[in-house]
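Spelled out, the chains give:
Protein chains: 2
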Amino acid sequence: VAEGTSGPGWLKHFPLLADLRRGSARDLAQDGLAGTVTAILLIPQALAYALLAGLPPEVGLYASVLPVIVYALLGSSRVLAVGPVAVAAVMVSAALIPYAGNDPARYLSGALILSALSGALLLAMAALKLGWLTHFISHPVLSGFTTGAALYIVATQLSGLTGIPVPREAGTEGILAALFTGHGRLNLQTLSFGLGAMLLLFAARAPLTRLLTRLGLQRETAGSIGRTAPLLLVITSTVLSASFDAHGRWGVAVVGAIPHGLPALSLHFLNEDGWLRLLAPAAMIAIIGYVESISVAKALAFRRQEKVDPDRELLALGSTNVIAAIAGAMPVAGGFARSMVNYEAGARTQLAAVVTALWVALAALLFTGLLAALPKAVLAAIIVVAVWQLVDFASLRHSWRYDRGDGAAQAATIAGVLAHGVETGLMIGAGLSLLLFLYRTSRPHIAVVGQVGDSEHFRNVLRHEVRTWPDLLLMRIDETLYFANAPRVESELQAHIVEARQPKDVVLVMSGVAYIDTSGLDVLEALATALHQNGSRLHLAEVKGPVMDRLAGTDLLTALGPQQVHLSAHRAIAAIGALRK
Amino acid sequence: VAEGTSGPGWLKHFPLLADLRRGSARDLAQDGLAGTVTAILLIPQALAYALLAGLPPEVGLYASVLPVIVYALLGSSRVLAVGPVAVAAVMVSAALIPYAGNDPARYLSGALILSALSGALLLAMAALKLGWLTHFISHPVLSGFTTGAALYIVATQLSGLTGIPVPREAGTEGILAALFTGHGRLNLQTLSFGLGAMLLLFAARAPLTRLLTRLGLQRETAGSIGRTAPLLLVITSTVLSASFDAHGRWGVAVVGAIPHGLPALSLHFLNEDGWLRLLAPAAMIAIIGYVESISVAKALAFRRQEKVDPDRELLALGSTNVIAAIAGAMPVAGGFARSMVNYEAGARTQLAAVVTALWVALAALLFTGLLAALPKAVLAAIIVVAVWQLVDFASLRHSWRYDRGDGAAQAATIAGVLAHGVETGLMIGAGLSLLLFLYRTSRPHIAVVGQVGDSEHFRNVLRHEVRTWPDLLLMRIDETLYFANAPRVESELQAHIVEARQPKDVVLVMSGVAYIDTSGLDVLEALATALHQNGSRLHLAEVKGPVMDRLAGTDLLTALGPQQVHLSAHRAIAAIGALRK
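Chains as they are written, first to last, in this note's numbering: chain A, 216 to 796; chain B, 216 to 796.
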C-alpha cells in the first residue's frame, strides 16, 4: 500500500476511499475476515464497557456503529479499531456519578455531553495545532494511570461478581470496606456465574492456544478460536441463566430488556445544562483517549511502513466523538487490544472497521432482545479479564530502575488514582513529571573538554584521555540555554574560568545547545564583556544552524566577529593558534 | 584577595572575618570611605522606601543597621549593599493595604511578619536546596516586572508630589483617575518642593558630573559630589520647610516626629495572626529580593575574580530578613544602584557595609528629631528619581528583537503589573515564559546530517555541502529526549526513515541529547526493535557521558551491543563500512 499513487487530490484526505480505489479483491476478503473477528471481540466488550460506565448496555453498541464508520472514513490509521474503551468508560462513570446522582436520564445525557465535549476539544486542538499538549502525559504516567485505573476497575466489578451491594460513588477503599462489611449478602449463584466466566476467559487465552497447537492446529487458528470465547460465553451464560430463571429464582442480576435497533440521530443533549461542569473530565477523557489511540496507531503504522498524521488523528477522533454524541453513544477511542486483534487478523484498510460496524448494527437490530437474561456478573468477568492485561507492574520496575524520578511519578500516579480517583491521579502524575523535567533542565551538565587522541573529536577531560592546551579552556554546555538554567550556567562557567586562572581563550562548545533564549543570551553577552575587560577572548564552536540564525545580528556575535565563531572545536583550536601568532 | 589563604577552617564561612584577618590598613581606609559614601546614599533612600512601603520613615533606618551588619558577617559577596529596596517596598505595600486596612499597628506588625516569613522561606530554600526555584524568573520577566513596578511606583508618588489625595488601595488606573478628578486640590507649595527636588536630583546626575569635570575635577570626584545630592537635599529642604512653617502655613505634608534611636529587639510580631495570608506575598518578596541580590552580587564578584555561592546567599539573605523582623524593620535585599556605588567607591570587603550601618545608626540616634519638617514631597521625588532608572524599555525592544516569545512575556509582565498589581503581573510573566519553554522543547529540531568536506564534522544536509552514503541515514536529535517531545521525535524519525526507503543502517547522532527519560528510552527501544524486524540496524553516536551511564544495562544497549554504539559519527561510518563487508 504505497503512498502517493494516482487518483484525484482530495482522495488523499480519505485514506479509506483511496485504498478502496486501488484495493484488490484479496484485500477486501482479508478485511472482511478481520472485521468479523474484531466484531466478535467488540460486541461483548461494548456491552460490558457500557455497564462499566454506568450506562445501559445498548449505549456500548451504539458507540460501535456510526462512530466506527466515521473514523474509518476520516482516520489516517489503517488498522486502529475504534469503540468504547475501559479506561474512558471508568472516567465517564467517575464524572457522571457526582453530576447526575440517581437520575438515569440526566446520567445518559451527561454521557452524550462528555462525548460531544471531548470531541469538540479534540477538534479545537486540531484547529489550534495544540496536539502537543497531549504530549505532557509521559509514558510512565500513562502506564501508571492505566494500571491504577485497571486496578480500580477490577475493584468496581467485585460487586457485580459477588452480588454484594456497594455504593456507586465509593472509591477503592470504600468498595473494599463495603465488600468486607457486606460479605453476608454474597450471592453464590452470581459468584458462580462470575468466577466461571473468569476461569473460562482466562483459560481461553494462553492455555487454550497451547492446547490447540499441541493438538496440531496452527498457532493463528488456535488464537482465533480463543478470541471467540467472550461471544460464546455471552451466548451460553444467557441460555443457562434463562433456562434456570437465575434472576427470578436466585436474584442473579441480569442485563434486562435491551431495546432493539439503533436510536435516531438527535441533538437533544444540546439543551442540557452542566456543560461547564463536565469540561474538565471531558478534557481528560479526550486527552487519554487520544494518547492511547495515537500510540497504538503509530506503532502499527510503522510496522507497515506507513505514517500516521497526529493532527489528522485529532480531527478524526474529534469528529468521531461528536458523532458518538449525536448517535446517542458514550465517548470512544482506539482500543489497544482490539487494534492488535484487528491487525493480526489481517486488516489492511479501514474497510475492516466498516465490516465490524455492520456486524454490531446487525447484532443491535436482531439479537439484543435475546440478551435480557445475560447475567451482569458475566459482563463483569469480561471487564476484569480485559483490564487485567492493563495492569503492568513490570513497567513500574523498568521505570524505577532506569530513572528514579520517572518511577516515583509512575508510582504516585497509581497511588493517586487508587486513593483519589482517576482525574486527580492523572493530574498528580502529570504535575510531578513536569516538575521533575524542570528541575533537571535547571541544572545542566557542563564539561571541560579536550581532544580525543588525534581525532577531531572533543570529550570530557574527566572521562576520556584527552589533550588540552595551556591558557585555553574548552567547555561544552549540555543543555538548551534558557532562563531556568542561565544563572547556574553562568555560575559554573565563571567558576571554571576562575579555577583555570583566567585563560587567554575560552571556547564554548555549543553542540548540546538547541536553543538560547534571551536570558541565555544575556549570560553569554555578560561573559564575553567580562572576559574582554580582563583581556581574554570568548569563542563559540559547533553552534547549531537554528541557534546561529537567531544569534546573527546580536551584540554578542558582532562583538565576537567571525574570528571567534568556529564550525567545530577542532577548527577553533587551529584558529586560536593562528590568532596567537 | 585570594581564596584559601591561612586561618582556621571555620573562618572560610565568614568571609568578612577572614578578610579582616589578612586586611591591610589601606583596605580598611578604603572600606571606610566606601561605607561612608554608601551611607550618604542610603539614609535618604531608607526614609523614602519606608514611606513607599506605607511605613513610618524610621522603619527604613532600622532596616539599614542590624540587617546590614548580619549580612556583612554571613554573605559571600564582598560588595553587595543590603537595605530597603524600592521594588520590595512596593510589594510590601501591595500586600499590607488589603491585610491591615486602616490599622497602623497591624500594618507595622504585618511588615515584620513579611520580613520574618520571607527570611524563613529563604532559609528553607537554603536547607532544602531549592534555590533553583528562583531561576524560573527569566531575565525578560524580571526586567518587565521591574519596569512595571517602577512605573507603578512613580504613579503612587504622584499624590505625594502634588498633594492631591489618592485612595491608598488604588491601582495604576485608579491613581490616574483620582489625580484627574482631584486636580482642583493641587497644593502648589507641595508641588514646588516636589518638582524642585526632582530637578535638583536629575541635575545632580550626568549634568553636574559633566559640569564639574569640565571645571577640571576628576570624573570620580565629580561623581562623588553628585551622590551627596540626596542628603544635601534632605537637609536643605527640611531647613526651608521648617523656617517657612510649610506644614502649618500651606498644608505641605511633612514627615513629622521620628522617634530617636533604635528599637529594642522584639519577637512580639510572632503573636500576630495572618501569617498564612501573607505567605504568598512573602514568597514573592523573597524570590524577587533574592534574584535581584544574587545577580548584582554575581556580576560584581566576577569582575573581581571572586565567586559568590548562591546557596550561601540564600542563607545570608534569609538570616538577614529574619533579623530585620526582630529589629522591627521591613524586608531587605541587595540594591543594584547602591551596590554599584559601594563597589565604585572602592569597597573591598563587607567592612564597608559595617561602616554604612554605623553611620545610619548614628543618624537614627542623633538627627532624626531634626527631620520633622522634611516635606514628604521631597522623599517622593527621591523615590521617583531612584526608580526612574529601573524603567527599561530598551530591554523590551532587545528581547522582542531577539525572541518574539520572550518579548511578549516581558510586555505581558509590564502590562500585568500595571493593570493587576505586582503579584499577578509577576505570575503572568513567569507562567507565560514557562509555557513558552515547554512549547519549544516539545518540538525539537531533528536534522539529517552528512560529513563536512574531509573533516570529521557532521552537519545538516540542508545547510551545508556534505557527503552522504547510500542506504545509510544519519540523524541528529537537537534536544533532551523527554516525554513532551518523545511522540514528535518518534514521528519525525519514522518519517525520515520511511522517506529514505528503510536504509540498512540508521545512525542517531546524540550530541544534542543531554538527557533521556523513560519515555525517550521507550521511543528508542521501539525504534531499534522495529528496525531490527525490518532487517535494518540502529546505531548511536556521540552519546554524552551522563546519558551513557544511564543507558548502560538497559535493553536498548544490550540489543545494540558495542558494535552499534560509537564515540563519534565519524567512527560510526568507519564501523558501518566494516560491518557491511
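Please keep in mind that the hints were generated in silico from the structure rather than gathered at the bench. Ideal Cβ positions, reconstructed from N, Cα and C, are used throughout, including at glycine. Some hints here could point you the wrong way.
[To be verified] Partner residues aside, some chain B positions facing chain A, computed with beta carbon under 10 Å:
no.: 1; residue: ILE509
no.: 2; residue: ARG703
no.: 3; residue: ASP732
[What the hints assert, rightly or not] Straight-line distance between alpha carbons at most 25 Å, and here's what the computed DSS-like set of lysine-lysine pairs gives:
no.: 4; chain 1: A; residue 1: LYS522; chain 2: B; residue 2: LYS719
no.: 5; chain 1: B; residue 1: LYS522; chain 2: A; residue 2: LYS719
no.: 6; chain 1: A; residue 1: LYS227; chain 2: A; residue 2: LYS344
[Stated by the list, open to error] For the chain A half of the interface with chain B, some residues (derived, Cβ under 10 Å), not all of them:
no.: 7; residue: PHE652
no.: 8; residue: THR656
no.: 9; residue: ALA662
no.: 10; residue: GLY665
Violating hint indices (sorted, rising): Number 10 - this is the single hint that the structure violates.
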